[in-house]
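Got two chains here, separate frames each, mind docking them using the hints?
First to last, the protein sequences are chains A and P.
The opening position of the first sequence corresponds to residue 1 in the numbering used here, with each subsequent residue numbered one higher.
The opening position of the second sequence corresponds to residue 1 in the numbering used here, with each subsequent residue numbered one higher.
Think of the hints as simulated: they come from the structure by calculation, not from any bench.
Errors might be hidden in some of the hints.
To be verified - DMTMM-like cross-link-like pairs, simulated, lysine to aspartate or glutamate; straight-line CA separation at most 20 angstroms:
| # | chain 1 | residue 1 | chain 2 | residue 2 |
| --- | --- | --- | --- | --- |
| 1 | P | K67 | A | D82 |
| 2 | P | K94 | A | E181 |
| 3 | P | K25 | A | D387 |
| 4 | P | K377 | A | E181 |
| 5 | A | K376 | P | D22 |
| 6 | A | K392 | P | D18 |
| 7 | A | K392 | P | E20 |
| 8 | A | K298 | A | D228 |
| 9 | P | K67 | P | D32 |
| 10 | P | K94 | A | E183 |
| 11 | P | K25 | A | E381 |
Here the structure is a predicted model, which means the values were calculated and not measured.
Chain by chain, the residues run as shown.
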Amino acid sequence: MRKFTGMFFLLLFTAPTIFGGGYQVGLHGAKNIGMGLIGTSLSDDASAYFYNPAGGVFIKDRFSFCGGGTLLMARTTYQASDMAYQTSIDPGISTPFYFYAAFKPFEDLSIGLAVNTPYGNKIVWGDDWKGRYLIQDISFKAITIQPSFSYRFNDVFSAGIGMVMTNGNVELNKAIPVDGEEEEGQLNISGSAYNVGVNVGVMVRPFKGMSLGLDYRSKINMFVDDGDAVFTVPASLQTSFPPNNQVSVSLPLPANLDFGASYQINDKWMVGLNLCYVFWSTYDSLTFGFATTTSVVKETTTPTLYKDHLITRIGAQYQLNDRITLRAGAYYDPSPVSDDYLHPQTPSLDEIGLTCGLSVVPVKNLSIDLSFLFLKGFEREGTYLPDNFSGKYKTNVYAPGIGLTYSF
Amino acid sequence: MKKIFFLFISLAFLASCDPEIDEFKAAPGNADFTRFIVVGHSIPAGYANGALYTSGQENSVSNILSKQLMTVGASALIQPMVTSEYGVYSGKRKLGYTTNCAGVTSLGVVPDEGPLEALAPVGYSVTNLSVPGLKSWHALFPHMGDFDYLAYGAANPYYCRFATNPANRLIDEIPPLDPTFFLLWLGDNDILSYATSGAESDSITPVALFRQAMEAIVQTLTANGAKGVISTVTDVTTSPFFTTIPYNGLVLTQGQADSINIAMTMFGLPFRYIAGANPFLISDPASTHPYFKVRQMTPGEIVLLTVPQDSLRCAGWGILNPNTYMPTPIPDQYILTEDEVAEIQSATTQYNAIIRELASTYGLAVVDMDQRLKELKSGMMWDGVTLSTTFVTGGVFSCDGIHLTPRGNAMAANFIIDAINNYYGSVIPHANTNSYPGLVYP
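Chain P with its partners taken away, still in its complex shape (with noise of 0.2 angstroms):
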């Protein structure tokens, strides 16, 4: 008897066992990551939320990239490290309570502030050489971390930060890290900086110019045999910066539309107001009428994130001015219109067709970053969370309306590893999204 209850006993300590599976065996396939560098602009370098700070950095995407290579043999990634949670330049910002010009008080962006760190050189050399607000050509021009430069505006203070010589170009920083391979994801700026303005400063980077910066940049970093992912150039319509307000945003009451009718058709104006949306008022040169050069918005224009609310609330931009009664169109710098689109979008498919032969000619992977942010555009499950690019709720894009949040980072991270595992055999885990937060609210 007393066997057989020593055996049970025995039986029920067999529950210590947990039922094994394997591991989650990665590979590096065809290519050799021991050396694993960046280059490209903002969102690559971390910058998230309007400024580059600490935490941005860590959860990079070059960063989170590094660490699932890490798993096939990747060395951990090196970062220019910015030293304050609020970046060297104020213009951080945060979700937090803003009042309205009505007095409505609701969920907004506002200023993130704290101690900056002041601009000075890291004093180490890195492998993320990722630079916010770098262009393609900018890579190849000298001097352009020299703090020398800056006041001429010559120089890119990010890149200052950890320029290995004051004459270098950017370009010139690979050769010594000597890498096996790389991210890069570079050309965003080439348009983004002429769209961000309406259209209305900057310019966007000739094709020509930025075949010839890009194929050196590549030329640069496969010079040794290494190996690496390019990403495609986004489409603006696919960041909420851009899809955020509605041309049609203006929205109002039969009331209102009523005695808003009775001005146009004084003015002799031909467009008509409707209770509910209608679209924004905006400038027309083009237009006939003699004085009021105005017209409605078109389904395919955009109004800019950075646009004043108050003023769209209280000010009557984008219909009639509250106390004069006189249209007010939206100034340009916020608006781009079907012209000014379709030719970010020409450029965008240009750039994206060089990205692509190049990858071809070189050899690379491609991440089609801009076709995987429109498959975005409708939501994408990822265990259990439904990432989208709208704006705050769509847990990917941080404050600025560009860049993106930690878990945004996380996901294009995976976008990136996809394609390497594709092009190069390799078997390299997916980073946990969800390890990653998104936007926090307050």
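Here chain A stands alone, though its shape is the one from the complex (with noise of 0.2 angstroms):
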């Protein structure tokens, strides 16, 4: 598990960060962000092993690739509710991206690989900020590698499943309440896990054109046993937090179940929906335990409370002529936070999603997929109750991505 985690930090990713409802992030695919990601009940390539593994026995072609990313630019600005403060966060731009593979030894039978980053969240508010002390910056980022196959029953129907195995680090700062002659208290959490999953689908082919798909991914909880809790305070508080302590810390990756209908009208034009439910519910708080504690440093408990919601999709794409095709595609995440619980490190508004994109095929086989995301999150007062912390947050995200497919 050392040499996996370490394989990781090769890639030398970078996080995807602030977005949607929570810390999960959508962007897995130039052609399925052009039309508002619905990918569920689709087969075009071999993205399909990461939004229903089902999918990849369907793929036309015998072997598929795609690769690319996406940039990824968050913008979030913050109110006080009670004084004249606001403050826009830096631009944090980040990369998400995904690799796929799809190969089909056998007509029936497809066998896959997904690599993507499917949860993350980065957000820097500052080290001086007026909520320093409930958090300064949060880093975290989670990957995936998803081994997988699909078997078609018939021409009607097929199932797939795939193992996804996900490594996950968190580095988070927030100031300490204590002041020093020179600076304030100062507490560095950082860590690293690594768990598994599933990720388990079906699709249904009922008629010429129309395609069903029912996608379910596990929930993976990301335990941190052994983070690093570096504590910088005056030297007279030394014993009251000790300076090198271990923490614990669960993070739990929410379980989705998306189901997505599409149907191709005609030789041009294809519409498609996608309902995914997401089941935050299982992030209710975020606990962290340190190896050694004192008087003022112990197991705390941080209530986040988030509920179960529903993102709603809809996308159409629209074949020009032999070498491009247009996309378009919109979307409604609705918050999975109450207004008592809005807390900076995941400022979660109610989003709506409108994307658009387009695929060139210069030569055979390639394909040259763009795509760009706008994602509006509404502007919300909440208060935090548990840090008496509260505020007026509104997010503008702006996504261009790129991909490459391969198909022959």
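Below, the structure is given as structure tokens:
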């Protein structure tokens, strides 16, 4: 497992940024992004192995490879409820990426591999901001590798399954309200975790042009059991805050149940929709347990009280000619967080995503896929009650993406 | 194709737009804050850590409040600034390391020494008329700011620094300033000077005199139609000066308790001791014992923060002298007995009734600092920080246990802002408590 972790570090990925309802990121294929992330019933290329492994076997070609990434730029503004205090966060640029491969050794069986970054959160509020005792910055990144296969029972029905191996890294900083002669107290927490989940789906094609998909990705518990907790405090307080402590924390990656339907109306038009139910209620608190405890450093539980929610997505694709395909989509992603638990660590807002994209086929078998996502997080006023921290938040996300698909 | 790529690049540039949220909109409501003045005692003067010094004044509750009032038209507060960071008189304290009689070194309160400012007139007129040590009736006393009267103890040196005329009463400073809005936070010293002496010196201002003085001050302040906010007087049981050392702070082992019990039995004293916390001994003139006029403290009684800790720990104060084995009560000057506490609290209650009555008569807002500090006893969460009245770790009270830290002052300013907003329908932004420091640890 150590070796496995080390391998991930070599990949030099950067974190997806603050996104969506919580810390789940949806950018896993330029084609899909272009049409509103409606992939659960689609089987155009190897990205199916992420959206619904059952689609792998319905890919036309024997070999299919996709790779790409997104430039994700998020800007969030905070305005305090009770004072003239406003801050806009420096645009955190991050680059979620993906790589998918599918291969059909037999007509009815396909094997595939999906590598991507489906969960992440990065937010940097700054060292001196008003909410620094809640959070200064956090970076959470998870990368998954999913070997999978799918089997076609007949022309109508297929099923697929993948093992989701996930490696996560978290680092966060917060200030501690003790003043020294030089600087304020500080806590830095970092750690990593590995766990495995499952991605299982079925796909049904009841008649020509119609495709239905149902996919379930299980909850994965990211348990950091030997993270580092580094306290920096004035010398006179070091017995109360042991400088080099160990910390354990468990962050659940919620299960997803996705239903998708798409219909190829004619040679040119395809339309689809997706309903994505995210089992966010599993994230009801975040508990930090310290190896060395004192009168002031003790187990802390931060209630989060997330609720399950449903994301609704629609999208369409139009084939302009042999070389160019155009796409557009939209989705609504309501916040899983109540107004009383809105925390600057994950300022979750009700969001509308608008997407567009196109594919260009310069040479046979190769497709260059471009996508653009604009996501608007509606202004929301909330309080994180346990810390009595309130304010208004608003977010804009811009995410141009590019990918390549090669199938033969 | 080129057009399409160009479009994508243009879209990427959109990312430089910040999501916009309307800024906080301040509004004065039914009050005119143009000329804001403060009349008060040491806390609104900016006294902290046992001294009046530069950064203490910069972070005074008055100055923090004034900055917030500037969003609704107030001009900047003018304070009689002390140029030294150590004050006019020695006595400033800070957190440091102390070694006790048992040779144990720990975090404690130590002198904070440096060059003092010589006592002299500041040479300009001020709008923060707060004076450390000022009692209500002092404001009506002529020559209270006269250097020539200092030697007789009939003047207040802090008022001398900014008196515009030596013969003035403090209230004579008010009319020339033509205030439109004021903060009046006075009266605590009318009780506090008595309380901090362990009820051994000074005296509580008679209620009738307090009423007369406060009414005269309010009349002067409101003479030209000014509006304002008055603070209630705070109960002594809220500040760490009175709450830090428990009445039963005598911690014994079973062996110690046993040997003390033998002595007590021999002396014919009825007090018995157990392993753990025990009440201190204090003097009791009403005792029927032929020669040991002592008794144990009761839960409502108070040991002052100024009691010498080493005398408690090594000289047997509050129990038996380790050399003579004689019962050794804590001296009265460090103790408030039940009767004294009752007397103090009764005065506080009566003062506050008068303050509310005056506010009602003259149409002024009341900030119930007494009530708010009582709520603070169990801790209050502000933007991720729990502030409380606990000494040192509570973050609100400075090293003297009576005056506030900058963060405590910001919190008090927010209480005042709440009272103003509530009464005058104004929308004044809170001060950001997290931008003001608490106590500084070594």
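For each hint, the structure was consulted:
1. Taking the CA atoms of K67(P) and D82(A), the gap is about 15 angstroms. The hint holds against a cut of 20 angstroms.
2. At roughly 11 angstroms between alpha-carbon atoms, K94(P) and E181(A) fall within 20 angstroms of each other, so this suggested pair holds.
3. A hinted pair counts as satisfied when its Cα atoms are at most 20 angstroms apart, and K25(P) with D387(A) does not qualify at roughly 24 angstroms.
4. Between K377(P) and E181(A), the direct Cα distance comes to roughly 27 angstroms. Violation of the 20 angstroms bound is thereby established for this hinted pair.
5. Restraint check for K376(A) and D22(P): the C-alpha separation of about 17 angstroms stays at or below 20 angstroms, so the hint holds.
6. Among the hinted pairs, K392(A) with D18(P) is consistent with the structure: their alpha-carbon atoms are about 14 angstroms apart, no more than 20 angstroms.
7. Annotation: proposed proximity of K392(A) to E20(P) holds, straight-line Cα distance about 11 angstroms (limit 20 angstroms).
8. Pair hint K298(A) plus D228(A) holds up; C-alpha atoms about 15 angstroms apart against a cutoff of 20 angstroms.
9. Among the hinted pairs, K67(P) with D32(P) is consistent with the structure: their alpha-carbon atoms are about 15 angstroms apart, no more than 20 angstroms.
10. Taking the CA atoms of K94(P) and E183(A), the gap is near 17 angstroms; set against the 20 angstroms cutoff, the hint holds.
11. This hinted pair checks out: K25(P) and E381(A) have alpha carbons roughly 16 angstroms apart, not beyond 20 angstroms.
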